[in-house]
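K.L.:
What follows is each chain in one-letter form.
2 protein chains.
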Amino acid sequence: MRIDLALVGFGNVGRRFARLLEEQRSQLLADHDLDCRIIGIATGRHGAAFRAGGIDGVAAADLVEAGRPLDDVHDGTAARLPARALDVIALAARSAAGARVVVETTTLNIRDGRPAIDHVEAALAAGCHVVTANKGPAAFAYDDLRARADAGGLSFLFEGAVMDGVPIFNFVRETLPTVKVLGFRGVINSTTNHILTALETGEAFEPALARMQALGIAEADPALDVDGWDAAAKAAALANVLMGAGITPHDVRRTGIGPGSAARAAAARASGRRLRLVASATRGAVPVVEPVELPEHDLLGGLEGTANALVLRTDLLDEIAICQLGGGLVHTAYALLSDLVTVRRRMRA
Amino acid sequence: MRIDLALVGFGNVGRRFARLLEEQRSQLLADHDLDCRIIGIATGRHGAAFRAGGIDGVAAADLVEAGRPLDDVHDGTAARLPARALDVIALAARSAAGARVVVETTTLNIRDGRPAIDHVEAALAAGCHVVTANKGPAAFAYDDLRARADAGGLSFLFEGAVMDGVPIFNFVRETLPTVKVLGFRGVINSTTNHILTALETGEAFEPALARMQALGIAEADPALDVDGWDAAAKAAALANVLMGAGITPHDVRRTGIGPGSAARAAAARASGRRLRLVASATRGAVPVVEPVELPEHDLLGGLEGTANALVLRTDLLDEIAICQLGGGLVHTAYALLSDLVTVRRRMRA
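These protein sequence lines are chains Y and L, in that order.
Residue numbers for the first sequence, in my numbering: 1491 to 1839.
Residue numbers for the second sequence, in my numbering: 1491 to 1839.
Next comes chain Y alone, as it looks inside the complex (with noise of 0.2 Å):
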């Protein structure tokens, strides 16, 4: 079954998505009877391109990694070049006669979660199923673009809001039925991790923080990630999603690491501890992401570097945990796809 997509975002994450998808192309098709075409591409600096007939994901990706607009693939017998996101959303909701995925990249706006709210729900609104790599959505406006999709008879996904492409919503909604979860605890950012560990062995805040960016592992603007935000937009998307919170991430009690951090995280390594950030949640309690101090032994304690895990407590089964042991563009490319081929297998329901 042929599906189209139109592409709200196209940068790293989603140029490597447009890369999988034609690597994935003929096992997408004999697995799962899925053969997606991009019909739409909205970026915020270089340029929109529609083609109701197809666009060449790669030869898209390409051009724009060659610092070039997208307005070259546009299609300028069909439309006038789209302006913005929601242009290019109605142009894909009124172009396609099949199936629509809106798959939306755009970075994560920790104020109140837009664009990539809206861009949500002008697809919901148009008909379109929407996939998302943003945390926003889920963490800001989880029930209502629940609800909205839910009345539309559309899907709304995100597993890359958490962990990459490892599955935690789809896990807890495929493989868990009737399983209650009442709490979870985790490390879900990377970069935090990556500098407490560095701290462990004696280097300075700053520094390894500076080493960090001239590595590309912390942003330019780190602030997301060290004041704790990152962790704490996806502890609020798991609490909204997994236990019902309807909260935001400005709900969450937060304190990052800082300066003060590398003392404490050298301190705690020599007593044989680990100083981690922890996202934490109890069901009907406000999560906290906080530095706690973690027996060696402890799951959390032992990730270093990318690795993340995240420990859900439930009723039936005690404690799970899943854990992405390495880490990469792929992985939140993969969330994505895999969010699709869950679009399509609804379709067949």
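In short, the hints are calculated from the structure, not lab data.
Accuracy of the hints is not assured; some may be wrong.
Pairs count within a copy or across copies, as identical chains cannot be separated in the list.
[To be verified] Straight-line Cα separation of at most 20 Å, SDA-like style, residue types lysine to any residue; simulated pairs:
1) K1670 x A1756
2) K1670 x P1559
3) K1670 x T1772
4) K1670 x E1611
5) K1670 x L1519
Put chain L on the given structure of chain Y with help from the hints.
P.N.:
Just chain L now, kept in the frame of chain Y:
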């Protein structure tokens, strides 16, 4: 939707399953439109019963736990008292009009996986779905049983075969589409993990084993565990299902633990390492079960007592680990229940 169940095996797992079914009855109905009715029970030592109108599973469990045979709940007007498991399967297949599932919970026969395989074959031949907690069918005869199930449009599920109710097979099948499993390594036998943890403190093997038996952790005949057969059966099932190995537990290169493990475990611990019975495999090679010295910060090295973990090596997501941090009979019973939900979900598709 009503689904009729024939229980083959009614030991600790089967009885806990019957009780769990009652505990979750309203949720199964509300969330999954699943109404399970037990119509037959076959046991090795407590007789058998058949009642087309439905058997009260909790009452039957109470009866057996009071040391009485199941004959009392048998409906004598409908059929002669069934003598064997195959009789109960045949009665269930003939009697029920709608969907029928054989729930197989007999214990593993490490010689050839029978009679569990016979039960699965008979159930599939009679048009019944199969869910089982027995490792034998997937460890000894996966390809053949899978082909029979597929040919009949039936489900053959066995989530409980490895790590009890924590999803492994469902995890890969439902949440990792297009991902290829390249290998695995895991600590997947609780008894040996308990014993090795005891040996690390300087306890000798025989007293440690005797203490585990007294605590009910090790079996009266612990050979299946300490000789590595249980882990080998699980490794074979994993290799067959996840990597198309087509092997039996007898193909696994297997080394168990014994009196010689005591000094090794204590010495490893003293030098900051942990001795663990590890099952591992690479696609295309024969799985191995053997005691391995692991760094303490290794995910598998840190597991204590009943904790189990499986690390999957994949093409797209590097290494992913799933950990079962608690344990107990309800976990295995839950595995059967989650498989029943899968059977139900497939009926909608």
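K.L.:
Determine for every hint whether it applies to the structure shown.
P.N.:
Comparing the hints with the structure gives:
1. K1670 x A1756: For K1670 and A1756, the Cα distance exceeds 20 Å both inside one copy (38 Å) and across copies (40 Å).
2. K1670 x P1559: Neither. Shortest intra-copy (48 Å) and inter-copy (36 Å) distances fail the 20 Å Cα cut-off.
3. K1670 x T1772: within (12 Å within a copy, 35 Å between copies)
4. K1670 x E1611: neither (29 Å within a copy, 35 Å between copies)
5. K1670 x L1519: Cα proximity of K1670 and L1519: across copies only (16 Å, versus 35 Å in one copy).
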